[in-house]
Amino acid sequence: VKRTAHILLRGSLLIFLLFSKGLSVRCSAQEVDYKSYTLFVYNFIKYIEWPENKNQGDFVLGVLGDSPVIKELEKLAATKKAKGRTIVIKKFSSVEQVTDCHLLYVTSSRSASIKQLKEMCKNKPILIVGEREGLAKKGAALSFVTLEDDVLKFDINKSEIEQHNLKIPGTLILLGLVI
Amino acid sequence: MATLLRFLIISVFLLVPGTYSLMRAQHDSTASTTHKDSLDYYDMSLDQLLNVKGHGVPSELEALINSLISVASKKPLNTRESPSILSLVTEEEIKASGARDLIDVLRLVPGIDFGVDVQGVVGIGMRGNWAHEGKVLLLLDGQEMNENMYATTQFGNHFPIDQIKKIEIIRGPGSAIYGGYAEYGVVNIVTRQGGDINGLSVSGIYGQTAKDYMRRDISIAAGKKLKDFEWSLSGMVGEGQRSDQTYTDIHGNSYNMDGHSALDPAYANLGLNYKGLSFRGIADFYHTTMQDGYDRIMPAPYTQDFNSYFFELKYPVKIGEKLTITPKLNFKSQSPWNTPHGDSNDATYLRTVNRSTANVTASYNPFRKLNIVLGGEFYRDDAKDHIDTGRFYNGTNSLTFSNYAFFFQGILKTRFVNIIAGARYDDNSNYGDAFVPRLGLTKKFNKFHFKLLYSNSFRAPAIENIEYSPNNIIHPERTTVGELELGYQITRKSILTVNFFDITTTAPIVYYNVGQTDAYTNEGVTGTRGLEAEYRIKARWGSVGLNYSFYTTLGKERIPSYRVATDSSMLLGFAKNKVNLNALVYITKALSVNLTGTFYGNRWGYNSIGADSLPALKKFDPTLLLNLFIRYKTPVKGLNIGLGVYDLLDQRFVYIQPYANPASTTNLPHAPLPGPSREFILRLSYDLSFKNHSEK
Numbered sequence: 001v002k003r004t005a006h007i008l009l010r011g012s013l014l015i016f017l018l019f020s021k022g023l024s025v026r027c028s029a030q031e032v033d034y035k036s037y038t039l040f041v042y043n044f045i046k047y048i049e050w051p052e053n054k055n056q057g058d059f060v061l062g063v064l065g066d067s068p069v070i071k072e073l074e075k076l077a078a079t080k081k082a083k084g085r086t087i088v089i090k091k092f093s094s095v096e097q098v099t100d101c102h103l104l105y106v107t108s109s110r111s112a113s114i115k116q117l118k119e120m121c122k123n124k125p126i127l128i129v130g131e132r133e134g135l136a137k138k139g140a141a142l143s144f145v146t147l148e149d150d151v152l153k154f155d156i157n158k159s160e161i162e163q164h165n166l167k168i169p170g171t172l173i174l175l176g177l178v179i
Numbered sequence: 180m181a182t183l184l185r186f187l188i189i190s191v192f193l194l195v196p197g198t199y200s201l202m203r204a205q206h207d208s209t210a211s212t213t214h215k216d217s218l219d220y221y222d223m224s225l226d227q228l229l230n231v232k233g234h235g236v237p238s239e240l241e242a243l244i245n246s247l248i249s250v251a252s253k254k255p256l257n258t259r260e261s262p263s264i265l266s267l268v269t270e271e272e273i274k275a276s277g278a279r280d281l282i283d284v285l286r287l288v289p290g291i292d293f294g295v296d297v298q299g300v301v302g303i304g305m306r307g308n309w310a311h312e313g314k315v316l317l318l319l320d321g322q323e324m325n326e327n328m329y330a331t332t333q334f335g336n337h338f339p340i341d342q343i344k345k346i347e348i349i350r351g352p353g354s355a356i357y358g359g360y361a362e363y364g365v366v367n368i369v370t371r372q373g374g375d376i377n378g379l380s381v382s383g384i385y386g387q388t389a390k391d392y393m394r395r396d397i398s399i400a401a402g403k404k405l406k407d408f409e410w411s412l413s414g415m416v417g418e419g420q421r422s423d424q425t426y427t428d429i430h431g432n433s434y435n436m437d438g439h440s441a442l443d444p445a446y447a448n449l450g451l452n453y454k455g456l457s458f459r460g461i462a463d464f465y466h467t468t469m470q471d472g473y474d475r476i477m478p479a480p481y482t483q484d485f486n487s488y489f490f491e492l493k494y495p496v497k498i499g500e501k502l503t504i505t506p507k508l509n510f511k512s513q514s515p516w517n518t519p520h521g522d523s524n525d526a527t528y529l530r531t532v533n534r535s536t537a538n539v540t541a542s543y544n545p546f547r548k549l550n551i552v553l554g555g556e557f558y559r560d561d562a563k564d565h566i567d568t569g570r571f572y573n574g575t576n577s578l579t580f581s582n583y584a585f586f587f588q589g590i591l592k593t594r595f596v597n598i599i600a601g602a603r604y605d606d607n608s609n610y611g612d613a614f615v616p617r618l619g620l621t622k623k624f625n626k627f628h629f630k631l632l633y634s635n636s637f638r639a640p641a642i643e644n645i646e647y648s649p650n651n652i653i654h655p656e657r658t659t660v661g662e663l664e665l666g667y668q669i670t671r672k673s674i675l676t677v678n679f680f681d682i683t684t685t686a687p688i689v690y691y692n693v694g695q696t697d698a699y700t701n702e703g704v705t706g707t708r709g710l711e712a713e714y715r716i717k718a719r720w721g722s723v724g725l726n727y728s729f730y731t732t733l734g735k736e737r738i739p740s741y742r743v744a745t746d747s748s749m750l751l752g753f754a755k756n757k758v759n760l761n762a763l764v765y766i767t768k769a770l771s772v773n774l775t776g777t778f779y780g781n782r783w784g785y786n787s788i789g790a791d792s793l794p795a796l797k798k799f800d801p802t803l804l805l806n807l808f809i810r811y812k813t814p815v816k817g818l819n820i821g822l823g824v825y826d827l828l829d830q831r832f833v834y835i836q837p838y839a840n841p842a843s844t845t846n847l848p849h850a851p852l853p854g855p856s857r858e859f860i861l862r863l864s865y866d867l868s869f870k871n872h873s874e875k
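Those protein sequence lines, which keep their order, are chains A and B. So for the first sequence, the working numbering puts the first residue at 1; every next one is plus one. So for the second sequence, the working numbering puts the first residue at 180; every next one is plus one.
Worth flagging that the hints you see were computed from the coordinates, not collected in a lab. Note that beta-carbon positions come from the ideal geometry of N, C-alpha and C, so glycine has one too. Each hint should be verified, as a subset may be incorrect.
As the list claims (entries may be wrong) - Label-pair distances were calculated between CB atoms; the ranges are:
id: 1; chain 1: A; residue 1: S93; chain 2: B; residue 2: D219; range: 32 to 42 Å
id: 2; chain 1: B; residue 1: L451; chain 2: A; residue 2: K80; range: 48 to 58 Å
id: 3; chain 1: B; residue 1: T593; chain 2: A; residue 2: E49; range: 34 to 44 Å
id: 4; chain 1: A; residue 1: L174; chain 2: B; residue 2: D219; range: 17 to 27 Å
id: 5; chain 1: A; residue 1: K122; chain 2: B; residue 2: D612; range: 53 to 63 Å
id: 6; chain 1: A; residue 1: L174; chain 2: B; residue 2: K497; range: 17 to 27 Å
id: 7; chain 1: B; residue 1: D606; chain 2: A; residue 2: M120; range: 51 to 61 Å
id: 8; chain 1: A; residue 1: K71; chain 2: B; residue 2: D219; range: 41 to 51 Å
id: 9; chain 1: A; residue 1: K80; chain 2: B; residue 2: F869; range: 41 to 51 Å
Stated by the list, open to error - Residues from chain A that keep clear of chain B, each with C-beta distances beyond 12 Å, as calculated:
id: 10; residue: T38
id: 11; residue: I70
id: 12; residue: G84
id: 13; residue: V88
id: 14; residue: F92
id: 15; residue: S94
id: 16; residue: S159
id: 17; residue: T171
To be verified - Computed cross-link-like contacts, DSBU-like style, restricted to lysine-lysine with a CA-CA straight-line distance of at most 30 Å:
id: 18; chain 1: B; residue 1: K406; chain 2: B; residue 2: K454
id: 19; chain 1: A; residue 1: K137; chain 2: B; residue 2: K454
id: 20; chain 1: B; residue 1: K232; chain 2: A; residue 2: K71
id: 21; chain 1: A; residue 1: K90; chain 2: A; residue 2: K167
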């Protein structure tokens, strides 16, 4: 009986190993679709209203931290306009580097900086968008959330939006989850 | 040993070609995402944004393992974070395998096995433990199929296999949600509803061994979803046999089961739903004949029927966005183990039991990461003996029990762990109270997931357990289970999960046959520990599942009724080692080939009487059951044909009784009951879509 069990275990292990080697061509779980994130970002740009004095020149989209979303945002900037204006991507590797921009996308890797950013951007017309769930509660105006059925949504912190002198239309609010 | 090696070799051969196909399929799948490179993608309307997904196009496997499941938590959670050790069987898997009945489907699930009870009835075992009487809850469209006299569920050409949409299986305790019949597990069968059928569906199976037919069943279902109204009506009728072989009892007497072991189902299921208000009505008649009785065969075959009706009315009321209150009423009327009056081969048994249940469950989401479920349930059992002289222990021909239950569950999802805490409290007018808490920690981190679970559960004594206990006093048996599952998604199309379990049951309700009647008592401590490992690939080319189950009783206490005297690590009836393979390959879009197989290690049971007049223990050699099924979707739209063979190697599996009284020379066990020999099956099905029909 013991021998049977041992052979059984060895055989099963062998099969598992064969697979883990043989199938390592693309060894990743279901990947986050950052293109979907940029789709929402584009609609934020499209529908949210900035103060009149910020509606000239290029639309500056700042990204704090590193994330695969940057590649997608660059593709977005190359193909689409922000209400007729060119979208310029500015990458920041640290909070200290953050300069004036219209929309600041805070990647998951820099989510710990959200409180510092909140202070830095206080009363400035900057839309802070958090990549990680929960950031809208901590200082971002909007932050992404993936629901149980994998539908991508975003949390809306209305008071943050107002504090930054921005206006979000009701149609966009209906898409998100007001916290 | 040779059979095991052959089985493993077959597994490898099946899996390796699959690897190539898998990689090819992965390459193909990348094409499906290219549409996003189009400029139009950013011009989606706001309405379209409502359905944008957070992750890329899921592989077939990801769609399955991330599908939402509510059997273990009431609130839907994905299978990798749901707080139970789970198996999910899909409609496609069932149809592609050609499964003849629920035994064929559940046998492929890790940890599940089958044994014989008495009077030709086959029951379920879980992780080495005999679970036939009230330890595994079988739900069909939410209705508790276990009969309320003994709490058993009968397997073998019984339930409507062709109408199943999916089966969710908890391979661990579920009492904190489902109460006293879910001590070791829950099998939740969901049949196709109106929207799934969307037309008319007819199917049939014919099974033939070298000697005789083994089944000829026909199934029909119709249904439709029309805006707010959904209806479905399905039915099944058939004739089957347990076996075509010869049964030999422990005394050495034999009878030919061919023609004398009927398993004839008749079943109907009506579902109506209007704006959430739903009605369910099920009638289930299971007509059997057998001659094997308890230990000694009877002079001639006799009838034994299991008839049940189930009704349910339910309406979830949404109060705002965060609160849903669901009142539910159920009525269940059953006449199990019914031996008709006038049958001289066995004592007439004609007892019925009605259960009326009222349940209110509230689900509250104060915020997205927290869900609270609170509920209460009341049920009343009314049992009646319909024989003129029939009396229960109270001296009358009727018995009534009532039961109150309250349950709670909280699910808190955090970034690092999901915490699930719950409990159920039952208070029964006969056997008193039972409190069963549970705690679960689960989380998936990209490719890895874990589940750490601790649960208490209990088995509620059924009416006849009380009736046939000493002084009519019997207590609920209590079980404590610890489980750990680790899972790793090796590729986008394959996942490996391993779980470890430890089960301890205190004061189990143990059954003995005394002469030709029953006896129950609480006795000692029992349990098992072990592991289950499962490797699964699912892709466009097909799927492969390979799983291994292992249990041992080493370090656990054992009671005389279940133990194997010559092997301290095993319990009667169930193999310590079990391997399952389920390999499906789509040769073309229309043609699929499915190989399923189960390898059982040694088993132990009683099949004769020794020189000392006591039952003699016997070791049953390893068995390999291999099955092959080929399905062809014909050019006639909706018409499918399938041909297959079950028990290809003609191993003639026997169901062993997992309990016995080894010290009695008079109350002897039931000998192993043969199943069918090699069986060739033909399946036909035809689906007619209402919509397509009207378009023509």
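Q) Which earlier hints can't be squared with this structure? A) 8, 10, 17, 19
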